[in-house]
Amino acid sequence: MPQIQVSHSAQSNGNGELHLQKHTISILVENKYGAFIRIAGLFAAKGYNLESITVGPTEEEDISRMTIVTRGDDFVMEQIVKQLNRLIDTITVLDLTFESFVERDLVLVKINTSPETRSEIIQISEIFQAKVVDISPRTLTLEATGSQQKVDAIIMMLKPFGIKELARTGRVALKREFQGDV
Amino acid sequence: MFVHEQSLKSQRNGFPQSKQVMQGGKEMTGSEIFIQCLIAEGVEVVFGYPGGANIGIYDALYGQSTIKHILVRHEQGATHAAEGYAKATGKPGVVLVTSGPGATNTVTGIADALMDSIPIVVFTGQVPLKLIGNDAFQEIDIVGITRPITKHNYLVRDIRDLAKTIKEAFYIATSGRPGPVLVDLPKDIMAQKTVFEYPERVELRTYKPVLDGHMMMIKKAAEVISQSSRPVLYVGGGVINSNASDELRELAEKLKCPVTTTLHGLGSFPEDNPLSLGMLGMHGTWYSNIAVSKCDVLIAIGARFDDRVTGKVESFASEAKKIHIDIDPAVIGKNVPVDVPIVGDVKRILTRLNELVSPLKTEEWLNTISEWKQEHPLRYEQKKELRAQDVIQTIGKVTKGNAVVVTDVGQHQMWSAQFINWLHPRSLISSGGLGTMGFSLPAAMGASFGRKDVPVISISGDGGFQMNIQELATVVEHNIPLKIFVINNGYLGMVRQWQELFWQKRYSHVKLSNPDFVKVAEAYGCPASRVTHPSEAEQSIRQAMEYNDGPVFIEFVVAEEDNVFPMLPAGKTVDDMLDNPELFLPQTNGRTMFTLEKGKENYAANPSFA
Ligand SMILES: Cc1ncc(C[n+]2csc(CCOP(=O)(O)OP(=O)(O)O)c2C)c(N)n1
Ligand SMILES: [Mg+2]
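Going line by line, the protein sequences match chains W and G.
Count the first sequence with our numbering and you get residues 1349 to 1530, in order.
Count the second sequence with our numbering and you get residues -9 to 600, in order.
Simulated from the structure, these hints should not be mistaken for laboratory data.
Do not rely on the hints blindly, as some may be mistaken.
As the list claims (entries may be wrong) - Output of the computed footprint for chain W on chain G, the stretches with three or more beta carbons under 8 Å from beta carbons of chain W:
hint: 1; region: 79 to 90
hint: 2; region: 189 to 198
hint: 3; region: 287 to 296
Stated by the list, open to error - Among chain W residues calculated to face chain G with C-beta under 10 Å, some are:
hint: 4; residue: Gly1382
hint: 5; residue: Leu1390
hint: 6; residue: Phe1423
hint: 7; residue: Gln1431
hint: 8; residue: Asn1433
hint: 9; residue: Ile1436
hint: 10; residue: Leu1442
hint: 11; residue: Ser1448
hint: 12; residue: Val1450
hint: 13; residue: Glu1451
Every residue gets a Cβ at the ideal spot worked out from N, C-alpha and C, and that includes glycine.
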């Protein structure tokens, strides 16, 4: 399954869109040849902002769920939702921003280590409940999951040690059923 | 081959069809199934071109007579022919081409059909499935290429999906907002066999166009309308696609509301009706644009607020509450904020709306409009020299609305929109959204296969005519009684006009060095003549209209440097509208006359508009 993560600093198209509200859109789409590319292509063709896009299987074999994080004013968001709905392969399009929802982002991050820094890094990882998934004399690979902000935060904390490589899934999200505080 | 016969019905666009179809039990090749599917869809004509990847399909076409196949001379011609057929009849146009270059040649026509909401289904041959991805001979990812310019497209990867896919393709092309659908057919799949069964109906959980407008919104629209004393109906091609001209007329006459149409809306409301304002927009009538700018309620129906219509969008109908009726939710609120959105089929919505509205007090408004009509009528000055407007006005005068006119793109297109009195839906066919030069001849040819009730006329400029001139061969081969008129001004006239008005007359690459069109037409086998004087125009047009034994060609040699007016320069407002400088009337009613000079200055200040 293709996954694109355009980093948390937003795909820059020079329009200074960072001040615009972030929206998380959840799409159920026919698991058909070309459906993913049709949706990604729509964002490119229409010049919509695209921060992250994930796609994966669902509980139903022939349906995939895509989660898209984008930015735009109300006008643009209305267009994005309408244009997505217009595609023949989309089943439902939901802007979760107007709902309460759970979201997760996962990052694998490989950090340069030395005997002096290793324990400090492990301490940081504990604070974020991250897991050490690989270790070598010069590197340490952590896995962290959580909200996008939490993942942003651990990356920021690890940066001073020297990040060698990083892979991030982008946001996946589901509408919350429980409507109270969690 | 017949096991049993079954009649199928398809309910699209109000064209019920029942055809006898081979079905059940029998194994057939993909190519045979393809033919049977077209028969089931009631397809009468296919425009196509053979090649290696679709040779099997052509073999299945051989020796059958139910489906007429027209061999075009260039695949672009096939797509425009299919568009012309679809526009003229309301039925889907069908194209069959080979892979690679055959497929890429269809791209312009497909894009044109998308922009103008025309139902066509394009079948492309493809290299065998197992070779896809190998850079095989004439392999091209046409599904990838056409993804952004089709309403939907398919690559058939399993013979068992073939019939269902074709059924879906026709359904998607013709339902909701119509548009082009492409089906890519790998050669090996088409040679495989399976049991043919044509599905009776399409079940797509993801695609169910809304047809009935929301009753609450329709009521709200009626309420907004009832408050209006200066209403305008702004009408587009959606009214024609929905066959809703009668309902529109009822609404306009009931409300006593003036009607202005887009290029594609021309013919949806008869222009001999006093409520008609003609076309609006960049080259629309002066009074339609002024009326829209001053109206208090704008009722947009099956139109999409295109920039060629609105000019500067913030100033478009800025005093008006806006009601927008359209089958495509995505066009509502896209360019202009709307007060009352109604999604659904225009005909159904207007039927309901008509029950809810009552006459408005619009006398004063209509009087004001008729003053504007007198101040700035659509007209031009006849001169010694033949002008394009003479030719076009005469075509209108001779045909009296009883013809299908297919224009190309450029000045002659706008003059056709202006100087022919449009009376009937589907009587004007033109490339609007994409503005494709080379559209007219093949589209008129396609229209001819669908319409035998009225003559079909192709009007092109000397530039655009040469872009699909090869279809003269097809027209002559089938002895189509097409009237082919070329308005030869020696220029890419519309571009020259912009260069004259906005680029200091720097005529960069717009002068055409043309062949002898009469000789060219004759070489193709088409009777041809040339008209150079105003005095000859009417008689030669009459003769052409009376000639029914085959195609006839006339070249009209007209004034070179002529301009289309009025003109609302791109991205501008009605205050910047340019009217015909030949005809400036004395200042009336204290309103300023907008001069060409002022318009040029305005434009020079910001020439970046497209
Ligand atoms: C395929 C294509 N290329 C370029 C253009 C840009 N264009 C618009 S109108 C025009 C001039 C058309 O000239 P002609 O066919 O002689 O018609 P006229 O304007 O002179 O009536 C051009 C080049 C276009 N619309 N389509
Ligand atoms: Mg010309």
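Here is how each hint holds up against the structure:
| no. | hint | verdict |
| --- | --- | --- |
| 1 | 79 to 90 | violated (count 0) |
| 2 | 189 to 198 | holds (count 4) |
| 3 | 287 to 296 | violated (count 0) |
| 4 | Gly1382 | 7 Å, holds |
| 5 | Leu1390 | 8 Å, holds |
| 6 | Phe1423 | 8 Å, holds |
| 7 | Gln1431 | 6 Å, holds |
| 8 | Asn1433 | 7 Å, holds |
| 9 | Ile1436 | 4 Å, holds |
| 10 | Leu1442 | 14 Å, violated |
| 11 | Ser1448 | 26 Å, violated |
| 12 | Val1450 | 26 Å, violated |
| 13 | Glu1451 | 25 Å, violated |
Comparing the model with each earlier hint shows violations of hints 1, 3, 10, 11, 12, 13; every other hint is respected.
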